[in-house]
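Student: Sequence:
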Amino acid sequence: MLRIRLSSTTASLAGSSPDDPTPAGGLCAIHQPNLFPRLSTLAKLFAADYWIVLDDVQFARRDYQHRARLATLGCSQQRQWLTLPTHLPEGRATIIKEARLADPERSRRRIAHMLSQHYGGSRFWPALRSELGAVTDKFAATDKTAVIAEASIRLLLGLLGWKGQILRSSEFTVRADRSLRLADLALATNASGYLCGTGGMKYLRTEPFTTRGVAVIPFHTPVDGIWQGARDTSALRTLMVYGPDAVAAELSCRAEQSAPTWSGEMLKDYWAKKT
Numbered sequence: 000m001l002r003i004r005l006s007s008t009t010a011s012l013a014g015s016s017p018d019d020p021t022p023a024g025g026l027c028a029i030h031q032p033n034l035f036p037r038l039s040t041l042a043k044l045f046a047a048d049y050w051i052v053l054d055d056v057q058f059a060r061r062d063y064q065h066r067a068r069l070a071t072l073g074c075s076q077q078r079q080w081l082t083l084p085t086h087l088p089e090g091r092a093t094i095i096k097e098a099r100l101a102d103p104e105r106s107r108r109r110i111a112h113m114l115s116q117h118y119g120g121s122r123f124w125p126a127l128r129s130e131l132g133a134v135t136d137k138f139a140a141t142d143k144t145a146v147i148a149e150a151s152i153r154l155l156l157g158l159l160g161w162k163g164q165i166l167r168s169s170e171f172t173v174r175a176d177r178s179l180r181l182a183d184l185a186l187a188t189n190a191s192g193y194l195c196g197t198g199g200m201k202y203l204r205t206e207p208f209t210t211r212g213v214a215v216i217p218f219h220t221p222v223d224g225i226w227q228g229a230r231d232t233s234a235l236r237t238l239m240v241y242g243p244d245a246v247a248a249e250l251s252c253r254a255e256q257s258a259p260t261w262s263g264e265m266l267k268d269y270w271a272k273k274t
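Here numbering that gives the first Met the number 0 is used: the first residue of the sequence shown is 0, the next is one more, and so on.
Read the hints as simulated data drawn from the structure, not as lab findings. Please note that the accuracy of each hint is not assured.
Calculated lysine-lysine pairs in the DSS-like style (CA-CA distance at most 30 Å, straight line) [as the list claims (entries may be wrong)]:
no.: 1; residue 1: Lys-96; residue 2: Lys-162
no.: 2; residue 1: Lys-96; residue 2: Lys-143
no.: 3; residue 1: Lys-96; residue 2: Lys-201
no.: 4; residue 1: Lys-137; residue 2: Lys-162
no.: 5; residue 1: Lys-143; residue 2: Lys-162
no.: 6; residue 1: Lys-201; residue 2: Lys-137
Since the structure is predicted, the reported quantities are computational estimates derived from the model, not experimental observations.
Given only the sequences and the hints, what does the whole structure look like? Please build it.
Tutor: Here it is as structure tokens:
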């Protein structure tokens, strides 16, 4: 699979852990676990060598940590929320990994029903249905919303053939400030580049990264063609309309085109214009 490269080919990340740092040179994406995420989010994770699950920050009900906006096969503008009712033991202070499903069995049935209802007519549905147990079976073993959300992302990345490594932010000791936290996580995994989505570009300070040798690479996605709805609806529709192989090919091209040859000066000029 093609990915963005800053310099030489990245070494394998298999077997890595916080106590066994990954080889230098890889690309890192850091993102909260989202339920069946948007294509823009999935594309960023796909382009990375490893994904750090940001699971120790505050749960946000208005975000995508427990819900996904599903678009129908026939019309991308016909949309419905798939929501997993979630209890926050510590109220608004609850961190993502501590959020609990209010009714796991009902949520399991809802996922199975709504996905079949929305995408059962796709010729690619059998491929998704055959792997869906990787998500629905987890309801019998956990009541943690984040576990289900992470499993849904693993499912989609698996359909696309992604071979990267997944770590969790809660496994590392980092500083509290948002930019410092992300820089610490990237450094802890020996990343040479951090993929920054459009949301992060609004607040991220690049100095904590660049002073420690980590390039901050802006990651954008188009808005037309296969990318329609990429920023506000689940990637499930795209996968069920175009098929996993076609989507994987498009995401590979996007990864190569986004930042294949960013130099230090190019990145410096880019971020200077953003401030």
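Student: If a hint holds in the structure, say so; if it does not, say that too.
Tutor: Structure-based check of each hint:
no.	hint	result
1	Lys-96 to Lys-162	holds (24 Å)
2	Lys-96 to Lys-143	holds (7 Å)
3	Lys-96 to Lys-201	holds (25 Å)
4	Lys-137 to Lys-162	holds (22 Å)
5	Lys-143 to Lys-162	holds (25 Å)
6	Lys-201 to Lys-137	violated (35 Å)
In this structure, the one hint that does not hold is number 6.
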